[in-house]
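Asks: If you read the protein sequences in the order shown, they are chains A and B. Under the numbering used here, the first sequence has 536 at position 536, and the numbering climbs by one with no breaks. Under the numbering used here, the second sequence has 2 at position 2, and the numbering climbs by one with no breaks.
Calculated from the structure, these hints are not laboratory results. Just so we're clear, the structure is a prediction, and the values are computed from it rather than from any experiment. Hints may contain errors.
Some, not all, of what chain A presents toward chain B, calculated at C-beta under 10 Å [as the list claims (entries may be wrong)]: (1) 29; (2) 48; (3) 111; (4) 150; (5) 183; (6) 302; (7) 332; (8) 444.
Anything over 10 Å on all C-beta distances counts as not near chain B; from chain A, calculated [as the list claims (entries may be wrong)]: (9) 46; (10) 106; (11) 110; (12) 300; (13) 440; (14) 441; (15) 466.
According to the in silico footprint, chain A covers these stretches of chain B (three or more CB under 8 Å from chain A) [unchecked claim]: (16) 67-75; (17) 92-102; (18) 154-165; (19) 169-175; (20) 185-196; (21) 222-236.
All C-beta atoms in this analysis are idealised placements derived from N, C-alpha and C, irrespective of residue type, glycine included.
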Amino acid sequence: MADITTIAHDVLIIGSGLAGLRAAISAAAVDRKLTIAVISKVQVMRSHSVSAEGGTAAVLYEEEGDNQEAHIYDTIKGSDYLADQDVAELLVKSMPYEIYQLDHWGMPWSRRKDGRIAQRKFGGYSFPRATFAQDKVGFYEMQTLYDTCQKYDNIHFYNEWFCTSILHENNTFQGVTAIEMKTGNFTIFKGSAGIICAGGAGRIYSFSTYAFSSTPDGLDMAYRAGLALKDMEFVQFHPTGILPSGILITEGARGEGGYLINNKGERFMQKYAPGKLELAPRDVVSRSMIREIQEGNGFKHETDVDCLKLDLTHLRADRIKEALAGIREIGIKFSGTDIIHEPIEVRPVCHYMMGGIHTNIDGATEMAGLWAAGEAACNSTHGANRLGANSTSECIVWGKITGELAARYATRKKVDSINRKQVLEEEKRIYDGLFRGRGAVNPYEVRKQLTDMMDEKAYVFRNEQELTSALEKVRELKGAMWKHVEDKAKEYNTNFINVMETDSMLRTAEIVLVGALNRRESRGAHARTDYPYRDDANFLKHTLAYFTGNGGPKMTWYPVAFTRYAPVERKY
Amino acid sequence: MTEQLIEEIETMEKKREKEKHQGEKEYPKSSVTLKIYRANRRAGESPHYDRIEVPVQRWTTVLDALLYAKAYKDQSIGIRYSCRMASCGSCGMKINGIPRLACYTKVSELQGREITVEPLSNFPHIRDLVTDFSQFFAHHHNVEPYIQNDNADMPEKSKLTEFIQTPEDVDKYLQFSYCIKCGLCYSACPTVATDTQFPGPQALSQAYRYFIDSRDTAPKERLDLVDNRHGIWRCHFAGSCSAVCPKGVDPALGIQLLRGHLLGYSKNEKKVAELKERQKKDD
Numbered sequence: 001m002a003d004i005t006t007i008a009h010d011v012l013i014i015g016s017g018l019a020g021l022r023a024a025i026s027a028a029a030v031d032r033k034l035t036i037a038v039i040s041k042v043q044v045m046r047s048h049s050v051s052a053e054g055g056t057a058a059v060l061y062e063e064e065g066d067n068q069e070a071h072i073y074d075t076i077k078g079s080d081y082l083a084d085q086d087v088a089e090l091l092v093k094s095m096p097y098e099i100y101q102l103d104h105w106g107m108p109w110s111r112r113k114d115g116r117i118a119q120r121k122f123g124g125y126s127f128p129r130a131t132f133a134q135d136k137v138g139f140y141e142m143q144t145l146y147d148t149c150q151k152y153d154n155i156h157f158y159n160e161w162f163c164t165s166i167l168h169e170n171n172t173f174q175g176v177t178a179i180e181m182k183t184g185n186f187t188i189f190k191g192s193a194g195i196i197c198a199g200g201a202g203r204i205y206s207f208s209t210y211a212f213s214s215t216p217d218g219l220d221m222a223y224r225a226g227l228a229l230k231d232m233e234f235v236q237f238h239p240t241g242i243l244p245s246g247i248l249i250t251e252g253a254r255g256e257g258g259y260l261i262n263n264k265g266e267r268f269m270q271k272y273a274p275g276k277l278e279l280a281p282r283d284v285v286s287r288s289m290i291r292e293i294q295e296g297n298g299f300k301h302e303t304d305v306d307c308l309k310l311d312l313t314h315l316r317a318d319r320i321k322e323a324l325a326g327i328r329e330i331g332i333k334f335s336g337t338d339i340i341h342e343p344i345e346v347r348p349v350c351h352y353m354m355g356g357i358h359t360n361i362d363g364a365t366e367m368a369g370l371w372a373a374g375e376a377a378c379n380s381t382h383g384a385n386r387l388g389a390n391s392t393s394e395c396i397v398w399g400k401i402t403g404e405l406a407a408r409y410a411t412r413k414k415v416d417s418i419n420r421k422q423v424l425e426e427e428k429r430i431y432d433g434l435f436r437g438r439g440a441v442n443p444y445e446v447r448k449q450l451t452d453m454m455d456e457k458a459y460v461f462r463n464e465q466e467l468t469s470a471l472e473k474v475r476e477l478k479g480a481m482w483k484h485v486e487d488k489a490k491e492y493n494t495n496f497i498n499v500m501e502t503d504s505m506l507r508t509a510e511i512v513l514v515g516a517l518n519r520r521e522s523r524g525a526h527a528r529t530d531y532p533y534r535d536d537a538n539f540l541k542h543t544l545a546y547f548t549g550n551g552g553p554k555m556t557w558y559p560v561a562f563t564r565y566a567p568v569e570r571k572y
Numbered sequence: 001m002t003e004q005l006i007e008e009i010e011t012m013e014k015k016r017e018k019e020k021h022q023g024e025k026e027y028p029k030s031s032v033t034l035k036i037y038r039a040n041r042r043a044g045e046s047p048h049y050d051r052i053e054v055p056v057q058r059w060t061t062v063l064d065a066l067l068y069a070k071a072y073k074d075q076s077i078g079i080r081y082s083c084r085m086a087s088c089g090s091c092g093m094k095i096n097g098i099p100r101l102a103c104y105t106k107v108s109e110l111q112g113r114e115i116t117v118e119p120l121s122n123f124p125h126i127r128d129l130v131t132d133f134s135q136f137f138a139h140h141h142n143v144e145p146y147i148q149n150d151n152a153d154m155p156e157k158s159k160l161t162e163f164i165q166t167p168e169d170v171d172k173y174l175q176f177s178y179c180i181k182c183g184l185c186y187s188a189c190p191t192v193a194t195d196t197q198f199p200g201p202q203a204l205s206q207a208y209r210y211f212i213d214s215r216d217t218a219p220k221e222r223l224d225l226v227d228n229r230h231g232i233w234r235c236h237f238a239g240s241c242s243a244v245c246p247k248g249v250d251p252a253l254g255i256q257l258l259r260g261h262l263l264g265y266s267k268n269e270k271k272v273a274e275l276k277e278r279q280k281k282d283d
């Protein structure tokens, strides 16, 4: 213990996507004397926020007919009434400032002819309010924030440090433990305040738009520290992932006028959502696609996977080159299809976790001194289904809010000690339990089996039988047979990292499945064939999951905040 | 649009034609051998190559092949990766001697049945395919890559307005803002190879990106930052940076335009417009 290095900062930010970088700037600006650490398992500008494509929602043009109340309503309706309505309101009201602030920091927003910021249509909205920069919105936002961070000499980047646990005492945050990948050194980070911005868990599915690195280490770290994970059964399947990689084709492609066709050449969304067609919310479109496939109207990809096609061939080639250049590049490179000339094969793909670390409206967790923001958090902006372009918004808004709150907290309260017992326990857990484990099964095979099974049994439509068998399989995989690391080197040991990731994936998948089994209704992205209707009498409430050690999660419920709209049937 | 991509479109179109006429599909290689550079000097492992055979299909990328090898053949391969869609810039490495992104290079587009993968040049080595980017990031930091303008930080309660920029204003810097900091240009640059204090093509093109942005009000200071002994004049316009850029950023053009401003030329904007026009025609 004596030889474990301790690094101290005032605010520790875990994760470096949009939420993390926005939080860093916001915290650094509170007081230049505070030191802010951004700790990331990747090099900080490489977080998966760079792959967000289509837009960031905000009401900018009230004089042209948009208004904030409509954005709030669209978000709540999109959520199937599981959003906390005061939280949705805060998102909407905070966003316009953030769009202009990004502009002032150098964001290359696409422009209208008059030089003002352009917006386009997106699914589930009553007005074109997805603010965009070509079809590389997340990428440009990340670069803008990363570059703006360079202004602050009190922001310290820790590239490629893998956090393993939260240190705390008396329910108060003290820091984290982490491994420096370059050297393999196990290190203590001491900090008065912390913000978890470690992103979603979408790699628990094989067919996924997420980066290979988007595993639930951040969620799991909070869960193991006793914090609740909320609404984890709500997994968003985006309608248009390409085959076989799962790389995303932005909803902006439909916003620009693209449509979905079946094997008869029909624009089948006319049957399912006549009012909104392809621009219905993602859960609605994904379910329609799977029904279409089940009715025998799908195509077969050459890998023998069922799919449908997204047709953009009727759009002008120069418009595609201008507004969807990135998508065209992706189609050519990863699918062998030039969207200018032919429809591209697509299938619903795991894209976003509505759930995450349970926080209040300010992003505060149940632990003093610890906040969460972005996809890792569940402040219940999105309820049971998120609208496109609302996630980059969420990251930016709560990045800013939590950064400021954490910094103010850190000026008032200084952590003076570290829970040494926890450090030793954590060292034992990862080195004795995993690194020096004696498993015989290939951990990469375990990971593959888990993610393939989630694709099969916890996809767009779910039922009790499949979820139960999936849960049995996860519990079987959780056994010790795979716990070992073949690579014994200290330096840049990604084998070790991968095994720790897999460990967190198994626990997280279990929570998704238990939550899905408990929720005997269909709401938003969670559709049960055995309970096909929404059941407000019994399930108009959030799911909370708490860690209990090696058994399954302890589940409870949590009320939804209603401030504006009573739930009604959701039709598009 | 990069040359590589244009080539790919052509190949695809040819293939489509061929299939139309002959009704046949091209059969892909079913396996390739990866010749992987291995070294971990800190742990006393000296450089050598391992050969690992992996199965491949039509869409397999070099990254897919490497991760398969890591999962099922040798779990100790040191490799950096993340998004697998050429957005994050993690997996730069030399593939058959040329700096490329592993996720953006398909096995089927490479010649032969053996693929050599090595760490990027001009970066300090860490392990196997992984290199240290600290100095590269420091060069980027040193060109002050952010908007300098008294109004850059918006007061909370201020009237919300944007800086007006026409689509043409945006076009001046847009191409250069698509840099993903993957380091391929830095690895290919012959000047960086001989002078580590030279900022390199990535940082210099970012200096130009902010210099030409109409929202920035510190152009003179920006020029001073690169106008020195190890600075922009060390570039001898080999152009290899632009040749390897996976995103079509063209750092060499950025460097030339920035030099133009240092020398007091003012016709650069016209030049960019012309180049853009030509590129549109090529597309």
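Asks: Please flag the earlier hints that this structure goes against, numbers listed from lowest up.
Replies: 9, 10, 11, 17, 20, 21
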